[in-house]
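Number of protein chains: 2
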Amino acid sequence: MKKNNSNKNVIWHQSMITKESRQKKHKHKSLIIWFTGLSGSGKSTIANALQNKLYENNVSVYLLDGDNLRHGINKNLTFTEDDRKENIRRTAEIGKLFVDAGIVVLAALISPFQEDRMNARILFEVDEFIEVYVKCSLHECELRDPKGLYKKARKGEIKQFTGIDQPYEVPKNPEIIINTNELSIEECVKIISSYLYEKVHLMHHKGGDHP
Amino acid sequence: MKKNNSNKNVIWHQSMITKESRQKKHKHKSLIIWFTGLSGSGKSTIANALQNKLYENNVSVYLLDGDNLRHGINKNLTFTEDDRKENIRRTAEIGKLFVDAGIVVLAALISPFQEDRMNARILFEVDEFIEVYVKCSLHECELRDPKGLYKKARKGEIKQFTGIDQPYEVPKNPEIIINTNELSIEECVKIISSYLYEKVHLMHHKGGDHP
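Chains A and B supply the protein sequences, listed in that same order.
So the first sequence is numbered by my numbering: it starts at 1 and just counts up by one.
So the second sequence is numbered by my numbering: it starts at 1 and just counts up by one.
Just so you know, these hints were derived from the structure itself, not from any lab.
Some hints could be false.
Taking lysine-lysine and the PhoX-like style, the derived pairs with C-alpha atoms no more than 20 Å apart in a straight line are [stated by the list, open to error]:
{"#": "1", "chain 1": "B", "residue 1": "24", "chain 2": "A", "residue 2": "85"}
{"#": "2", "chain 1": "A", "residue 1": "25", "chain 2": "B", "residue 2": "53"}
{"#": "3", "chain 1": "A", "residue 1": "25", "chain 2": "B", "residue 2": "75"}
{"#": "4", "chain 1": "B", "residue 1": "96", "chain 2": "A", "residue 2": "27"}
{"#": "5", "chain 1": "A", "residue 1": "29", "chain 2": "B", "residue 2": "25"}
{"#": "6", "chain 1": "A", "residue 1": "96", "chain 2": "B", "residue 2": "75"}
{"#": "7", "chain 1": "A", "residue 1": "53", "chain 2": "B", "residue 2": "75"}
{"#": "8", "chain 1": "B", "residue 1": "96", "chain 2": "A", "residue 2": "75"}
{"#": "9", "chain 1": "B", "residue 1": "24", "chain 2": "A", "residue 2": "53"}
{"#": "10", "chain 1": "B", "residue 1": "159", "chain 2": "A", "residue 2": "53"}
{"#": "11", "chain 1": "B", "residue 1": "29", "chain 2": "A", "residue 2": "25"}
{"#": "12", "chain 1": "B", "residue 1": "75", "chain 2": "A", "residue 2": "75"}
{"#": "13", "chain 1": "A", "residue 1": "25", "chain 2": "B", "residue 2": "199"}
{"#": "14", "chain 1": "A", "residue 1": "27", "chain 2": "B", "residue 2": "27"}
{"#": "15", "chain 1": "B", "residue 1": "25", "chain 2": "A", "residue 2": "25"}
{"#": "16", "chain 1": "B", "residue 1": "152", "chain 2": "A", "residue 2": "27"}
{"#": "17", "chain 1": "B", "residue 1": "53", "chain 2": "A", "residue 2": "19"}
{"#": "18", "chain 1": "A", "residue 1": "24", "chain 2": "B", "residue 2": "25"}
{"#": "19", "chain 1": "B", "residue 1": "96", "chain 2": "A", "residue 2": "96"}
{"#": "20", "chain 1": "A", "residue 1": "24", "chain 2": "B", "residue 2": "27"}
{"#": "21", "chain 1": "A", "residue 1": "24", "chain 2": "A", "residue 2": "75"}
Using the sequences and the hints, build the whole thing.
Here is the structure:
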């Protein structure tokens with residue numbers, strides 16, 4: 001057996017696999033699409049539908065859903081302001097790892113505060129962070145109430161609930177606004193995928209469906 | 001504009017993109033290879049070299065390096081026992097997301113305690129977690145001391161340093177043991193990639209180099 005008791009072995013062959021190399025391999029840019037909006041506005045649904053569409057178009061794509069993350073990496077966080085901040089920070093940092101891995105990340109979190117969203121944004125390069133404001137009236141979200149959370153919040157059974165006893169700060173300059181009071185899920189997905197195609201050149205035309 | 005003020009829109013088209021579907025697309029299984037060992041044992045170097053080899057063989061692979069993560073998602077953690085636990089927990093949870101995304105994850109962390117490594121392991125399915133004990137004598141690691149940390153630890157400038165004033169619990173049943181006192185980096189990589197090929201059937205032979 002060879003004996004290699006030198007530092008030169010330990011620094012041997014460091015990774016030269018860059019984000020750019022991975023993007024080239026995947027044949028598309030990597031970036032994060034950050035969905036923000038009230039509970040029930042349609043973030044997860046639209047992100048899921050968009051994920052399906054991108055996946056079918058051979059985009060390497062992965063969805064980080066706020067609710068799901070709270071069962072895993074963020075399960076030790078509550079809904080206090082500090083923990084909400086940390087929830088968003090961790091999600092953004094994980095998103096950054098996926099973007100570094102050449103993947104298009106969809107992040108769906110209420111993320112009610114401008115400051116937290118800005119802190120997420122600055123982790124990325126300018127053209128890597130696409131904020132999608134999923135706009136929907138509180139009235140409509142309460143009517144939908146898919147998880148029955150508004151009902152509980154109105155009864156006071158849930159505290160610090162965005163839109164009820166905690167504010168939602170409307171994004172100031174999101175890249176995309178989609179109004180789910182007025183648009184179907186399919187229309188919302190089309191708006192975002194058109195943006196990705198035209199503005200970000202996410203997908204090259206390579207024989208698949210035009211997004 | 002169509003009005004869609006119903007719950008049925010919100011639950012429309014949930015993701016059906018499973019881990020299995022992603023694995024099929026990538027033409028290989030996804031799993032995590034967990035490198036544990038003393039500082040300076042060669043974890044990061046071997047993981048980097050293995051990553052290069054897998055990448056060249058068209059495996060979707062990503063390296064989670066403990067040191068690098070401490071500049072991002074884990075930057076709010078110290079080296080106390082609780083924070084080390086949390087460091088490992090978060091890394092394992094991130095690894096799980098990548099495995100769910102169909103990616104082969106390499107995680108390189110000292111991870112000195114059996115219990116923490118076991119907590120990481122149980123997040124995964126039985127054949128998804130491959131523990132690689134990067135074995136190297138403390139004497140050899142101190143000779144290498146690639147980051148000058150042992151010198152500082154011996155002077156007492158760093159506290160709770162594994163191998164000096166904090167124990168390293170040798171893995172009881174790791175899938176792979178590689179001894180970097182005796183083997184070259186290239187030999188170490190070959191052992192792991194042979195294991196991945198023969199035991200886990202990570203790679204199908206598809207025209208590329210045999211790993």
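Consistency of the hints with the structure:
1. B/24 with A/85: Violated, at about 36 Å.
2. A/25 with B/53: holds, 15 Å
3. A/25 with B/75: Violated, at roughly 30 Å.
4. B/96 with A/27: violated, 25 Å
5. A/29 with B/25: Holds, at roughly 19 Å.
6. A/96 with B/75: Satisfied, since the Cα-Cα distance of roughly 14 Å is no more than 20 Å.
7. A/53 with B/75: Roughly 35 Å between the alpha carbons, so the hint for residue 53 of chain A and residue 75 of chain B is violated.
8. B/96 with A/75: Holds, because 14 Å separates the two Cα atoms, which is no more than 20 Å.
9. B/24 with A/53: Answer holds: residue 24 of chain B to residue 53 of chain A is near 18 Å, not above 20 Å.
10. B/159 with A/53: violated, 51 Å
11. B/29 with A/25: Holds, at roughly 19 Å.
12. B/75 with A/75: holds, 18 Å
13. A/25 with B/199: violated, 27 Å
14. A/27 with B/27: holds, 17 Å
15. B/25 with A/25: holds, 14 Å
16. B/152 with A/27: violated, 46 Å
17. B/53 with A/19: holds, 17 Å
18. A/24 with B/25: OK: residue 24 of chain A and residue 25 of chain B at ~17 Å, within 20 Å.
19. B/96 with A/96: holds, 16 Å
20. A/24 with B/27: holds, 19 Å
21. A/24 with A/75: violated, 35 Å
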